[in-house]
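Visitor: So the chains spell out like this:
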Amino acid sequence: MSSSEHLASVMVEEFIRAVEQGVDLVPVVADSTSTAKIKPFVEKFPDRLVNVGIAEQVMIGTAAGLALGGKVAVTCNAAPFLISRGNEQVKVDICYNNTNVKCFGLNAGASYGPLASTHHSIDDISVMRGFGNIEIYAPGTPEQCRQIIRYALEKIGPVYIRLDGKALPESMPENYRFLPGAINVLAEGKQVVLVAMGSTLHEIVDAAARLKEEGISVGVIGVASIRPCDTSALARELAKYKSVITVEEHNVNGGLGSLVAEVMAENGLAARLQRLGFKDGEYAIAADRTSMRKHHGLDSESICSDVRQLLNRKVEATA
Amino acid sequence: MNPYNLSTADLKKKANDVRKRIIVLNSESPAGGHTGADLSQVEMVTSLYFRVLDCAPDRLEDQERDIYIQSKGHAVGGLYCVLAEAGYFPTEWLPSYQHADSKLPGHPVRQKTPGVELNTGALGHGLPVAVGLAIAAKRSGSKRKIYVLTGDGELTEGSNWEAALVAAHYGLDNLIIINDKNKLQLAGYTKDIMNTDPLAEKWKAFGMQVTECEGNDVEAVVSTLENLKQEGKPNVIISNTTKGAGVSFIAGRPEWHHRVPKGDEVTHALEELSNV
Chain A
1 MSSSEHLASV MVEEFIRAVE QGVDLVPVVA DSTSTAKIKP FVEKFPDRLV
51 NVGIAEQVMI GTAAGLALGG KVAVTCNAAP FLISRGNEQV KVDICYNNTN
101 VKCFGLNAGA SYGPLASTHH SIDDISVMRG FGNIEIYAPG TPEQCRQIIR
151 YALEKIGPVY IRLDGKALPE SMPENYRFLP GAINVLAEGK QVVLVAMGST
201 LHEIVDAAAR LKEEGISVGV IGVASIRPCD TSALARELAK YKSVITVEEH
251 NVNGGLGSLV AEVMAENGLA ARLQRLGFKD GEYAIAADRT SMRKHHGLDS
301 ESICSDVRQL LNRKVEATA
Chain B
1 MNPYNLSTAD LKKKANDVRK RIIVLNSESP AGGHTGADLS QVEMVTSLYF
51 RVLDCAPDRL EDQERDIYIQ SKGHAVGGLY CVLAEAGYFP TEWLPSYQHA
101 DSKLPGHPVR QKTPGVELNT GALGHGLPVA VGLAIAAKRS GSKRKIYVLT
151 GDGELTEGSN WEAALVAAHY GLDNLIIIND KNKLQLAGYT KDIMNTDPLA
201 EKWKAFGMQV TECEGNDVEA VVSTLENLKQ EGKPNVIISN TTKGAGVSFI
251 AGRPEWHHRV PKGDEVTHAL EELSNV
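Protein chains in written order, with the UniProt record's numbering: chain A, 1 to 319; chain B, 1 to 276.
No lab work stands behind these hints, which were simulated from the structure alone. Beta carbons are placed, not taken as given, at the ideal position from N, Cα and C, and that holds for glycine. Take the hints with a grain of salt, since some may be wrong.
[Claimed, not checked] Okay, derived cross-link-like pairs now, SDA-like style, lysine to any residue, Cα gap no bigger than 25 Å in a straight line:
#1 Lys-138(B) to Leu-153(A)
#2 Lys-44(A) to Asn-275(B)
#3 Lys-138(B) to Leu-49(A)
#4 Lys-44(A) to Trp-161(B)
[What the hints assert, rightly or not] Per label pair, the in silico range of CB-to-CB distance:
#5 Glu-262(A) to Leu-165(B): 37 to 45 Å
#6 Pro-173(A) to Pro-30(B): 57 to 65 Å
#7 Ser-84(A) to His-107(B): 20 to 28 Å
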């Protein structure tokens, strides 16, 4: 396994690469230069960045205007403020006007941990899925992130990319090639399949490895491409199992769990579905990631317990 | 270059033609219309499209063309009448205003209507996008100008003032913010609902160069538009207008915010306009 990388750093490397290759890219930030880790870009291209101050509405409107003026505009700020404060600007200026803006939702999910719920973005996928035309990606690894950004900067039209805020390891195979819509089947198993988007991919990969040691073989699917999504491929894969568990650092309503539920229902799949995420009535607790995921049952050990229960096996005491 | 470059005398005639079209357009709408708001902006929008804007119907892909953004999107009926007169689409389309799946919906939709530059309707969106266009033009070395027309009631949307800070900070003297100050909004008089005065002082405090003009007077409008200075500050034009200007029984009446003329009202309005 290669060393871990911050997805924001991958993002900035790709911005630099794009400009060096002639893309007229303009990042727009809302005082979020440190959030975006964008200093290396500014040092290389001192006259490109637009910083509008702490003002998300005009950050998004300005990006839309830059796009209409021929630029490839990218917004880079904390996902909760992009999604919530600038909601109508995302809807009208980017989606409805179909402008060539790429929105990077940084430190998404509960990446900000102890900073509490104002700083958590656990509704971004459901909000973006409500706007019909914006493409939505939630990369789970650095290489996946890199390839998604390369695709997004070439694609004409609105794109939302949800970036986790912690350094993440690589878990895609060496020959991994991103395709919009494609799902990533990382392991085949029996009876139970685990499905994740973004950073929780690592929890299900870890859970699958632990279960393998116990002789339990589970399927592992990453869904980084939320829209478009090859729902036929997803349905074909899910049809192989009796139980499906989705894991996301997101509200269970409107995110990955909902997407999978829709695919199962629309394809007449009879498997049992368990959606792990933040449930009705819950906000993510203000805590470090390990504690938070344990509390909400999103960590690999909790997922293992869920699988054992599903398989009617004796639940082993945790060490 | 503006392909028409009309004299002020011809602009007055054109403005009157536009007013007549606004009356008919709204009377034929199946879904109401914003007649009062359409009428207050007539001299400004007519002067822009028939004299000031460096834009033409065959230049809609030209990145050097001037851009006009109708931020007060509810007055799109007024814009449609100007665009049709200026040849951006056939005048035969006008009777389809707000009809099912029309090319002329009740708020601007750029994917539907040639000449519409931005989808608006929710207020407070035009100025932030205009700021982005103005920054893009500066960075690309383009001489194009970006004009954005807001209402005065619209100015209570906070996004305008976020954008004002950015416009001044980046020295966007290629940006012209026009406030169609017709002093009325949906629920009544702007000064009673949420007073924005003293408006010029507010813009000046934000770092703008401010000019006030009589917005229903063609000479005043043209003189203001043609004497703007590009000296490092964004320009603001406070265009003092009358909502419903040009028709006696519509002018200055709050109930005409979202009302359309019917029956005898159409006849009377057109008679008044024929006597101008």
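Visitor: None of the hints should be skipped; say for each whether it holds.
Guide: Evaluation of the provided hints:
no., hint, in the structure
1, Lys-138(B) to Leu-153(A), "22 Å, holds"
2, Lys-44(A) to Asn-275(B), "65 Å, violated"
3, Lys-138(B) to Leu-49(A), "13 Å, holds"
4, Lys-44(A) to Trp-161(B), "32 Å, violated"
5, Glu-262(A) to Leu-165(B): 37 to 45 Å, "43 Å, holds"
6, Pro-173(A) to Pro-30(B): 57 to 65 Å, "59 Å, holds"
7, Ser-84(A) to His-107(B): 20 to 28 Å, "24 Å, holds"
Violation of the numbered hints given earlier is confined to hints 2 and 4; the remaining hints are satisfied by the structure.
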